[in-house]
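J.: Take a look at the letters that make up each chain.
There are 2 protein chains.
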Amino acid sequence: MESSSSSSSTSDLTKEEFRKRLLNTLDARYFIKPSFKIYGAVAGLNDYGPPGCAVKQNVLAFWRKHFVLEENMLEVDCPCITPAVVFKASGHVDKFTDFMVKDEITGECHRADHLLKDFCTTKLEKDIATLSEEKVQEYKDVLATLDGISLEELGLKIKEYGILAQTTNNPLSAPYPFNLMFQTSIGPSSMTPGYMRPETAQGIFVNFKDLYYYNGNKLPFAAAQVGQAFRNEISPRQGLLRVREFTLAEIEHFVDPEDKSHPKFSEVADLEFWMFPRNEQLTRMDAVKVRLGDAVTNGAVNNETLGYFIGRVYLFLTRLGINKERLRFRQHLADEMAHYAVDCWDAEIECSYGWIECVGIADRSAYDLRAHSEKSGIPLVAHEKSSATTEVEKLVISPVKKELGREFKGDQKKIVEALEAMDEKEAMEMKAALELNGEVKFHVCTLEKAFTIKSNMVSISKEIQKEPQRVFTPSVIEPSFGIGRIIYCLFEHSFYTRQNKAGDEHQAVAKRISKSLTSSGICNETDATSKSIGKRYAIADELGVPFAITVDNTATVTIRERDSRDQIRVEIGKVACVMQDLIAGVRTLADTPGITVLSRFRMRFSDLYRLCLKILIPQ
Amino acid sequence: MESSSSSSSTSDLTKEEFRKRLLNTLDARYFIKPSFKIYGAVAGLNDYGPPGCAVKQNVLAFWRKHFVLEENMLEVDCPCITPAVVFKASGHVDKFTDFMVKDEITGECHRADHLLKDFCTTKLEKDIATLSEEKVQEYKDVLATLDGISLEELGLKIKEYGILAQTTNNPLSAPYPFNLMFQTSIGPSSMTPGYMRPETAQGIFVNFKDLYYYNGNKLPFAAAQVGQAFRNEISPRQGLLRVREFTLAEIEHFVDPEDKSHPKFSEVADLEFWMFPRNEQLTRMDAVKVRLGDAVTNGAVNNETLGYFIGRVYLFLTRLGINKERLRFRQHLADEMAHYAVDCWDAEIECSYGWIECVGIADRSAYDLRAHSEKSGIPLVAHEKSSATTEVEKLVISPVKKELGREFKGDQKKIVEALEAMDEKEAMEMKAALELNGEVKFHVCTLEKAFTIKSNMVSISKEIQKEPQRVFTPSVIEPSFGIGRIIYCLFEHSFYTRQNKAGDEHQAVAKRISKSLTSSGICNETDATSKSIGKRYAIADELGVPFAITVDNTATVTIRERDSRDQIRVEIGKVACVMQDLIAGVRTLADTPGITVLSRFRMRFSDLYRLCLKILIPQ
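Taken in sequence, the protein lines are chains A and B.
This note's numbering puts the last residue of the first sequence at 619; the count rises by one with no breaks.
This note's numbering puts the last residue of the second sequence at 1619; the count rises by one with no breaks.
Please keep in mind that the hints were generated in silico from the structure rather than gathered at the bench.
Just so it is clear, the structure is predicted and the values come from calculations on it, not from any experiment.
For each residue, glycine too, the CB sits at the ideal point set by N, CA and C.
Hints are not guaranteed to be accurate.
Partial selection, computed: residues in chain A whose CB lies under 7 angstroms from chain B [what the hints assert, rightly or not]:
#1 Ile38
#2 Val42
#3 Ala43
#4 Cys109
#5 Ser189
#6 Val206
#7 Gln228
#8 Ala229
List time: in silico EDC-like cross-link candidates among lysine to aspartate or glutamate, alpha-carbon distance up to 20 angstroms [claimed, not checked]:
#9 B:Lys1441 to B:Glu1407
#10 A:Lys117 to A:Glu153
#11 A:Lys441 to B:Glu1104
#12 B:Lys1413 to A:Glu17
#13 A:Lys324 to A:Glu272
#14 B:Lys1414 to A:Glu17
#15 A:Lys20 to B:Glu1417
Generate coordinates for the entire structure from the input sequences, incorporating the hints supplied.
T.: The structure is reproduced here in structure tokens:
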């Protein structure tokens, strides 16, 4: 494996052949192997072996140098296990789903959109001749709009087309949403449901307040996180690209929504590369080479900060070894983006599976911080001193530490923290309960216990305060890197088969001979395996192939006869002619002029085999 | 935070005060904070902030350099999500448990051994005067044997002592085992139960065959893995030491059980450090300083390879900044080790919580590889050419690729792999079923589908083969590093409070003045806060303190009177005398020789306060 774009030898292969060779090498050389192989493996889980591990570490080290160090980002490291409340706030519990159908007999699960896609693709490939023009257009439309298809539409189409389960041909259930997060339970009492995070970003958002303070209460700044993420794919396809556990490297750049300029944008403005803006996708099907500065100026890219990161991602990927001609930045179509997103560009890398999203660069506006502010009751906002004053309604929760300490001793600190962490709804409910009953049960997650809080232990009120400042929720620009996908594409762009010149010449000679034999009506096959010539003679013998030809050099070949094992040397131009005579029995090896006869020639031609002649190419 | 062992100022503190200061600094400076704080946090989950993240990365980089590079270890990177079968084989599903009791009224969960420990400790601390000698010995015995206590004993003791739930004083359920692994389900059909790995080691064991091949089928070699591990603690205590998600760095060194010598042992043989061998623990209570070479020679450490890693771990920790006088290697007692372990040493670091296990270094014999061989049916063994032959019964599974390909097309490869991966039991069952019915349903995990296998598609047999070699299961020496614990102890050993010299001198002057005032019967208090002198005068004024003394230097002080705000300068030796006269009204500031009177002195002494005098120390 060396760093080079595909060479002639690999580019001759079909995509599938190329991929097969690459995957074999990745497996055989222990870059990547399926996990838990001795137990039959688990789809979507892979191990990095020693060389793969080294590549991954180098990629991550370069990522940290290129992004974290260069921009003084604040790197954090949060747990994978996350309480459900976080993903309720972010919307993942409700919306992070794929549509699934079940085989009604065997109970096997399939991704509904994949079945519909396969159906339409097969129709367009195999039955195109018999389809009406309307049907062709209909299938094409289904494929084009598959990404945003609704549950209802999907169900209707599957019913309408009579799609059945693959392999079993059994009927399918109606599609229903399946949440892609791995669920678990935190603590022994099952009182705290949790999920394995499907992205690292939320760990940064819930830390915004501390990060902002750490940065001296100044914007803009970026936080970063590298770590494992988990998605319980319904039926992982595409080998190393769609997996159930993977390493993400994510950046959350927080910025004033009223000023998304970037001081270093000029450093990337002159970069020129393939972009695929929304307009181009709608009007024609090709990406265009664009100067990044122009894309921002003409509004194709929404703002400078988004543009800056697109440029930095371009530099990161190409410096890593991704072929810049097989890299494009594709803008999300309006209906492809989340409703809150301002703009979104995917860095797509071309590999044998097609164009693969490897980095997403999105302006997510203030969505995430707002969602967590609302759910937690903790304002995740930035402040800017200003001459105008702002009226702010503030929830004031004042735990009475003395009383809490007297009652709960060592647990006081955590109870105080939990009381202060209540959101508005919880706090107002507690206030009401305290006024009514004088006490209330209060569950403290960090202690995994409930405590009885009395009215003298906390005061809760709402106050309107005037502040001489602008208070706002920052926007977030998020570049999110699928490290495993980048590494896989890097492998594809770096993989080639080394060929020595002699090998090329031999191959050319073999091709010429094969062609002349074919036009003389002599069936033949070329054997370019790496086995020894002796072994290949033996295999040809076992296959009943009567003659084998070995290319010696660019001038001569050796013809060997199976039964006698006699060998003669012939000039290349005469091979077809000699072979015709030999096969027809017009002459024997002994008759052939200019040839060393090793032993008596006995004709015992067998036409049981299509492989009546083997041409061997020495490696 | 600077690298230095505890200085005079922090060593004066109690352990709890020291820890509180450290934890405050770690939180305030964003080294480590509780995760998901805005949602009230979750016990046992922590975030590394930017400086903590940097420390962690540096520790891991040094670990890789010190171990992986130095020994040419094979580093791998396996998923956290692991199918249940792996942990059934390793014994975690059955035995990775803690004993839990439930509060019978509230349903809250507690660790049973913790409750018993707290009960005995409290008795010995608080009721010692009223306890009989036998009872004292009994409680001590319980504490000493708590680590290996059985479920039955634990239940009996809790009942016998009448232990109730903490805080609620409710009765408790009988103890029962609670598995510490986080459970989840892989894939949409819930057909594949899985766990979040509680250690990274199993990922290496199941890869043994590939690693051994990668190493050229030669022993010894070591594999390594750094990654997240998960343990669903019943009630996490000890802040950063007992957590639910943490980073482990593990080494599995595979070695011929008949030869555990190590070629580099001489490099560490002369190291001398604190060791706490089994014998010392049983006969007296102190660790001893031992030369590592001697510990191996006299048999205290079982073998050279184990000794080599103990030495390397010592070098790693001390080079990292762990104080070598607060580090010891404690050998597991016989009943503390797993039955299969040959020997086990913990690197324990002393911190404010006591001696904490941070690295475990165990000779686990052939246990893990044997367990996975048995469960998977794949022999995880090493071979050594030898003159003697060994008879080996081999399971031979030969899938007929042609037939499988004809029937299942693209799925053929994965079906072949799954067939070959069957263990003996599965294979013999399939053989029987095929002979009986001619076909059998076969579930292929990697495809998450069942297929009908017919008798012409696979042949299964057992053959006895003679092999001219020794076949054996390697032993495993496992150094396992709790990275979070090491980092926490590193913080403790590095934390000190800087004091400038002037501050020390001022403090000494204040002490002298305070002493002389006290012996003159003048009530006084020293204020060493960091507020400005002006602010501290104001606070003293509000407190009604009539005079305040500020230490100017080592020769003079300034006496200030509250009501007039007049100030005079006095030599240190005369302060007590002047103050006595001033308070007694014998003289006024104006009468005092050598003193600049700033304004008229009016005596308005208040003895409402103990704080009749404040001594201020400039910072």
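J.: Hints the structure violates: just list their numbers, smallest first.
T.: 8
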